[in-house]
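Residue numbers (this note's numbering), protein chains in the order written: chain A, 1 to 261; chain B, 1 to 308; chain C, 1 to 308; chain D, 1 to 234.
For the record, the hints were derived by calculation from the structure and aren't laboratory data.
Certain hints may be false.
[What the hints assert, rightly or not] No farther apart than 25 Å at their CA atoms in a straight line, the calculated lysine to any residue pairs in the SDA-like style are these:
1. B/K298 <-> C/I287
2. C/K252 <-> B/K277
3. D/K59 <-> A/Y204
4. C/K189 <-> C/I287
5. A/K6 <-> D/K59
6. B/K277 <-> C/I287
7. B/K252 <-> B/E191
8. D/K60 <-> A/L145
9. C/K166 <-> A/Q190
10. C/K39 <-> C/N103
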Amino acid sequence: MIMMDKWAYSSKLRERNPYSKLLFGVGNLLICVLCRSNVVSLCIFLIMLALVVLIGKMPFRAYLRLLCIPLIFLVISTITVIFEVGHVESAKILVSLAGGHIYMTKWSLTRGIQLFLSSFASVTCLYFLAVTTPVIDMIQVLRSLHLPKIVIELMYLIYRFIFLLLETGNAIVVAQDCRLGYKDRKTSVQSTSKMAAVLFVRAYQKADALFCSMESRGYDGDLCVLSTIERPRVPEVIVMLAITLLEGIVCYYFLGNMPAI
Amino acid sequence: MKELKDYKGGHALRTFNLLDEQYHKPVCDMHGDTMIEIKNLNYQYEDGTVALQNVNLTINKGEKIAIMGPNGSGKSTLFLCLNGVYKPTNGSIQVNGEPVTYNRNGLKKLRQIIGIVFQNPDNQLFSADVFQEISFGPMNLGLEKEVVRERVESVLESLHIQHLKKRPTHFLSGGQKKQVAIADILAMKPEVILFDEPTAALDSYHSQLVNDLVDELCEAGITVIQATHDSDYAMAWADRIIVIQDGKVLVKDTPQKVFENVELRKKAYLEEPNVLKMYNCLCKANIIEQTNNPICPKSIDELIKGLE
Amino acid sequence: MKELKDYKGGHALRTFNLLDEQYHKPVCDMHGDTMIEIKNLNYQYEDGTVALQNVNLTINKGEKIAIMGPNGSGKSTLFLCLNGVYKPTNGSIQVNGEPVTYNRNGLKKLRQIIGIVFQNPDNQLFSADVFQEISFGPMNLGLEKEVVRERVESVLESLHIQHLKKRPTHFLSGGQKKQVAIADILAMKPEVILFDEPTAALDSYHSQLVNDLVDELCEAGITVIQATHDSDYAMAWADRIIVIQDGKVLVKDTPQKVFENVELRKKAYLEEPNVLKMYNCLCKANIIEQTNNPICPKSIDELIKGLE
Amino acid sequence: MSKRQKLVFRASILVALSLGIAPVTSAMHIMEGYLPLSYCVMWGVLCLPFLVYGVFSIKKQLKDNRRLLLIFAMVGAYAFVLSALKIPSVTGSSSHPTGTGLSAILFGPGATALIGIIVLLFQAILLAHGGLTTLGANTFSMAIAGPIVSFLIYKLVLKCKGSRYVAIFLAASLGDLFTYVVTSLQLGLAFPSTDGGVFTSIGKFMGVFAVTQIPLAIIEGILTVIVVIALESF
Chain A
1 MIMMDKWAYS SKLRERNPYS KLLFGVGNLL ICVLCRSNVV SLCIFLIMLA LVVLIGKMPF
61 RAYLRLLCIP LIFLVISTIT VIFEVGHVES AKILVSLAGG HIYMTKWSLT RGIQLFLSSF
121 ASVTCLYFLA VTTPVIDMIQ VLRSLHLPKI VIELMYLIYR FIFLLLETGN AIVVAQDCRL
181 GYKDRKTSVQ STSKMAAVLF VRAYQKADAL FCSMESRGYD GDLCVLSTIE RPRVPEVIVM
241 LAITLLEGIV CYYFLGNMPA I
Chain B
1 MKELKDYKGG HALRTFNLLD EQYHKPVCDM HGDTMIEIKN LNYQYEDGTV ALQNVNLTIN
61 KGEKIAIMGP NGSGKSTLFL CLNGVYKPTN GSIQVNGEPV TYNRNGLKKL RQIIGIVFQN
121 PDNQLFSADV FQEISFGPMN LGLEKEVVRE RVESVLESLH IQHLKKRPTH FLSGGQKKQV
181 AIADILAMKP EVILFDEPTA ALDSYHSQLV NDLVDELCEA GITVIQATHD SDYAMAWADR
241 IIVIQDGKVL VKDTPQKVFE NVELRKKAYL EEPNVLKMYN CLCKANIIEQ TNNPICPKSI
301 DELIKGLE
Chain C
1 MKELKDYKGG HALRTFNLLD EQYHKPVCDM HGDTMIEIKN LNYQYEDGTV ALQNVNLTIN
61 KGEKIAIMGP NGSGKSTLFL CLNGVYKPTN GSIQVNGEPV TYNRNGLKKL RQIIGIVFQN
121 PDNQLFSADV FQEISFGPMN LGLEKEVVRE RVESVLESLH IQHLKKRPTH FLSGGQKKQV
181 AIADILAMKP EVILFDEPTA ALDSYHSQLV NDLVDELCEA GITVIQATHD SDYAMAWADR
241 IIVIQDGKVL VKDTPQKVFE NVELRKKAYL EEPNVLKMYN CLCKANIIEQ TNNPICPKSI
301 DELIKGLE
Chain D
1 MSKRQKLVFR ASILVALSLG IAPVTSAMHI MEGYLPLSYC VMWGVLCLPF LVYGVFSIKK
61 QLKDNRRLLL IFAMVGAYAF VLSALKIPSV TGSSSHPTGT GLSAILFGPG ATALIGIIVL
121 LFQAILLAHG GLTTLGANTF SMAIAGPIVS FLIYKLVLKC KGSRYVAIFL AASLGDLFTY
181 VVTSLQLGLA FPSTDGGVFT SIGKFMGVFA VTQIPLAIIE GILTVIVVIA LESF
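Generate coordinates for the entire structure from the input sequences, incorporating the hints supplied.
Right, dumping it as structure tokens:
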């Protein structure tokens with residue numbers, strides 16, 4: 001079970017129009033990335049938290065757990081950005097190595113903190129989308145952007161098949177575990193590769209079976225289905241667009257210290 | 001499972017308004033006309049395995065047919081032949097008096113008349129959500145979008161699963177998946193529906209639901225062919241039983257005659273239905289009077305009713 | 001399926017030589033000792049769904065237990081808790097008088113004692129060929145290669161599937177896959193085997209085979225717990241039936257008492273077994289004399305024998 | 001498909017898998033909001049020709065064989081699932097073999113890029129691996145650069161009459177390494193050092209990620225070989 005997917009379907013914001021949600025989420029994301037301002041990041045972080053947890057009714061603990069996922073990457077790369085390697089004598093030297101020094105400067109520290117906060121805020125924007133808008137709705141929005149039909153078809157199919165294979169894969173892992181297949185590292189590697197191999201075989205068999213049943217319903221190369229989503233309600237979309245733009249302008253004029261990028 | 005509690009109520013009448021429009025002929029009229037005629041059908045897989053051998057069958061309109069036989073005996077192959085997914089190596093299939101043609105139009109026509117509900121819904125449902133899934137068949141028939149929308153809504157209503165409309169397929173339970181798989185086919189308004197072990201792996205609640213649904217379809221005049229392993233069920237439900245083994249039709253006859261045949265039962269690994277056992281025992285013990293042409297009740301329930 | 005024709009012959013005695021070595025205590029001795037004791041078991045999924053609530057169960061050595069209840073009622077979760085794949089959120093499980101520990105050694109011990117045969121063999125079999133598949137469990141127990149080889153051979157012989165030894169698993173038929181799935185577990189020589197709907201989606205021939213096998217295991221003194229939807233079968237086979245719904249144990253009692261409870265049957269969607277219907281009918285009609293403490297036969301066959 | 005076609009197809013799957021499991025770890029997905037917008041756009045634009053070519057290439061292949069649509073989708077789902085499965089105590093905390101390159105040889109780099117970008121999009125939305133603004137950069141490193149290198153190495157080793165398992169191992173582990181090099185490059189370009197400039201920065205990122213990525217690349221190489229051996233026995 002993929003938890004983000006589950007939260008998206010159980011969110012109180014699920015039924016809101018996907019166009020406006022996407023507009024708002026992506027709009028805020030762009031503001032985060034463009035401004036790189038600590039204050040803006042903090043504000044957006046709080047707005048998204050409020051939307052997802054207070055209005056969307058996602059459990060706070062689950063949300064916290066989600067926030068931990070990108071931490072590994074964030075911490076490692078931010079440390080890399082903050083600390084410099086070289087021969088500069090004037091900087092605040094932390095460690096001296098044979099060939100040079102590892103040091104940080106005020107500028108690199110500021111940049112690191114900015115980067116950390118703004119990335120974290122952008123992640124909350126992504127989460128806002130991910131846990132309030134089911135994937136099916138998102139694909140629907142992409143469809144109305146006139147992406148090539150084949151891309152849309154593939155997205156729908158891959159989304160469905162992910163869960164089909166995930167179920168099989170998980171079941172196989174559990175069955176292996178029941179027979180002590182993950183008792184130590186060596187066994188684990190063997191079990192994992194066997195699982196990967198058999199999952200591939202199963203994927204192939206499933207594709208065959210599904211094709212057969214699709215043919216029996218008259219599939220002849222053109223995958224046509226109807227969807228339930230309603231057209232964007234124009235007023236709602238305009239309101240969301242206005243809010244996002246306003247946010248952007250406020251950030252730009254009052255807080256914006258747009259870095260030269 | 002709240003939604004389903006309503007189901008067993010007085011809905012039966014309302015349920016097949018969708019189908020009644022189409023099949024407005026009274027049932028009795030239809031019975032007897034030949035729906036499908038299979039002559040000398042042979043099917044051989046690419047690898048040379050012979051899956052069907054000299055199959056001859058006539059299926060009448062509105063008939064209830066159970067196909068029995070061990071796994072791998074050729075039932076699924078027969079279904080896929082009937083639906084035009086497999087092209088027979090030899091022999092011919094006539095549907096509604098016309099031979100099946102294997103060009104695009106011929107197949108489209110065939111698939112509108114005959115639909116298959118596959119055994120494992122996970123091998124049938126390919127769409128991300130229920131509405132899309134059910135709309136696939138009707139869209140392939142080339143109907144207008146509005147017509148398709150209406151059909152899907154109407155099928156959802158008939159099966160009392162409107163609440164599933166926007167549900168993503170992967171959130172459905174096994175029983176719900178089965179219902180959607182059936183809706184898939186009903187939305188194409190076929191005249192014949194082939195069910196491949198529709199209640200396998202379902203719990204008794206959903207099995208009952210599916211069995212009731214099948215009964216309603218039959219009442220609405222649809223020809224239903226079911227592959228099943230359940231002797232009790234086949235005895236109770238079927239007009240005729242076709243026993244297949246190793247790709248050959250062993251026998252096609254009424255349930256009682258099929259199950260009374262001890263040799264056949266042994267050969268095709270058919271269990272004797274409980275009701276038949278009981279009936280024979282009661283006859284022997286002279287609790288039930290035996291006439292010259294004894295007709296066994298169809299189920300234990302019927303037998304009990306008779307005794308009372 | 002030639003291989004299986006021999007099976008029904010006089011093999012029963014020979015079949016469990018493999019197991020007899022291990023379980024040399026006579027059956028009667030074992031019955032009555034507590035095998036598994038579950039106290040106040042709760043299990044909650046990550047997303048907060050409560051799958052099991054305050055489950056209290058005692059399972060004795062050598063008992064035959066059927067677990068019934070709709071799909072999604074928590075049967076599979078219970079199985080996975082018993083096997084240590086899921087760690088209970090609350091409550092405790094004692095096996096052979098010792099509480100389960102969830103470290104590496106504790107789990108190893110637990111999984112040697114309790115084995116699960118999963119419902120869908122396609123989700124259990126992952127090796128390329130049958131021999132590899134069956135040897136997986138014993139290998140992980142850390143046995144010598146020679147011992148593993150012997151065990152696999154011996155299990156293959158017991159199930160009369162030696163001829164499948166080198167067959168690739170994905171070329172097996174559904175029934176054969178099930179047999180291999182059972183062999184998987186038998187090769188680990190567990191004291192308790194949990195079967196999750198072992199005959200779902202099998203044809204009647206293989207169902208019979210599996211049922212016979214289960215009976216032999218029980219005779220050999222193994223504690224067997226089966227999840228099933230088949231009332232007739234549960235009535236005939238089980239010592240006790242445990243009914244689960246929405247993660248709670250509704251009742252644990254003898255089959256007759258469970259099925260005589262009309263309210264319970266309705267609530268948990270259990271069908272009334274045919275034999276019970278028939279028995280009650282015959283009692284009413286005064287064909288069978290009713291005593292003060294009527295004991296219903298276990299199956300239609302037994303009932304018929306009684307009548308004769 | 002005819003019998004022979006099927007055989008060729010199965011064989012090609014084997015070959016594909018051998019280099020296909022381009023091992024990528026979730027730690028190497030550049031997270032949401034980490035790259036400056038101009039770089040996001042740049043990497044996105046760089047992916048475009050591959051994606052457009054991918055659409056044409058897929059359409060062309062589907063014309064010959066409709067069944068391929070489902071196979072394409074299954075390959076995508078397979079790649080995703082391998083990174084999403086909860087596997088108890090395996091190689092390392094965050095190592096998954098992902099099959100984005102699986103289709104490189106089967107269906108060509110174009111089709112792979114297209115399937116890859118869809119998989120990466122789903123990984124961002126469903127698993128929080130990567131992000132929307134960094135989708136272009138991640139696609140370039142994982143769905144375009146890595147698979148192409150794996151593919152070339154595999155062909156090269158075979159041409160030099162190297163053993164197939166060696167070829168698989170090298171393709172898998174070097175493909176992994178190349179993805180990590182490209183990712184470091186992307187990060188280094190975006191965040192140049194104060195004095196050393198871009199190259200120092202790239203070196204820094206490579207140095208830091210080397211700690212996790214080099215052992216993982218080797219483990220993934222071994223894992224891939226075992227998978228292929230297992231798959232061959234089917």
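> So which of those numbered hints doesn't the model satisfy?
Replying inline: Structure breaks hints 2, 4, 5.
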